[in-house]
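Undergrad: Please model the entire structure based on the sequences and the hints provided.
The numbers in numbering that gives the first Met the number 0 rise by one with no breaks, and the one at position 52 of the sequence shown is 51.
Just so you know, the hints here were simulated from the structure itself, not pulled from any lab data. Note that the structure is a prediction, hence the values are computed from the model and not measured. Watch out, some of these pointers could steer you wrong.
To be verified - Only pairs whose alpha carbons sit at most 20 Å apart, straight line, appear in this in silico EDC-like list of lysine to aspartate or glutamate:
1) K31 / E21
2) K31 / E7
3) K31 / D42
4) K31 / D47
5) K31 / E16
6) K31 / E20
7) K31 / E59
8) K31 / D9
9) K31 / E80
10) K31 / D19
11) K31 / E45
12) K31 / D3
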Amino acid sequence: MSLDRLSEFDATPEEGEVIDEELAVTDDVLVKAFALGPDASIDPHEHDGATNVFHVVRGEVTVQQDDTEEVVAAPGVVLNERGQAHGAHNHADEVAVLTASLCPLPGQ
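TA: Listed below in structure tokens is the structure:
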């Protein structure tokens, strides 16, 4: 098993599909990988008690934060503050991959 947990995430989503997998889960952090097929979205949502950080590792995604949108290409890092609505959309024809780190876990 490799120390690089992302290297084992080999998802190939179809158009409009999002595939996700937990890469690391402890009592105070969650790291998930998301593969977004063309025209796929992570709907805007909030984490009231946790900070969420996106790491765009392949392709590019349009990140939404509250009423703002910005295209972020790999390698890119986006800080989503606690309680800030955030989401992502892949407008490209290729698969985009990002990770999301959530800390602390809600309820901690």
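Undergrad: Does each hint fit the structure? Answer for all of them.
TA: Hint by hint, here is what the structure shows:
1. Among the hinted pairs, K31 with E21 is consistent with the structure: their alpha-carbon atoms are about 4 Å apart, no more than 20 Å.
2. In summary, the hint linking K31 to E7 is supported, as the alpha carbons are separated by about 12 Å, within the 20 Å threshold.
3. For the suggested pair K31 and D42, the alpha carbons sit about 15 Å apart, so the restraint of at most 20 Å is met.
4. For the suggested pair K31 and D47, the alpha carbons sit about 18 Å apart, so the restraint of at most 20 Å is met.
5. Proximity of K31 to E16 is assessed by CA-CA distance (about 16 Å); at most 20 Å being required, the pair is judged to hold.
6. Among the hinted pairs, K31 with E20 is consistent with the structure: their alpha-carbon atoms are about 6 Å apart, no more than 20 Å.
7. A hinted pair counts as satisfied when its Cα atoms are at most 20 Å apart, and K31 with E59 qualifies at roughly 17 Å.
8. For the hint pairing K31 with D9, the CA-to-CA distance comes to about 13 Å; that is within 20 Å, so the pair holds.
9. Straight-line distance between C-alpha atoms of K31 and E80 comes to about 17 Å, which keeps the hinted pair within the 20 Å bound.
10. For the given pair, K31 sits about 7 Å from D19 by alpha-carbon distance, which is consistent with the 20 Å threshold.
11. Restraint check: the Cα-Cα separation between K31 and E45 comes to about 16 Å, which is no more than 20 Å; the hinted pair holds.
12. A C-alpha spacing of about 13 Å is found between K31 and D3, which places the hinted pair at or below 20 Å, so the restraint holds.
When the structure is compared with the earlier hints, no violation turns up for any of them.
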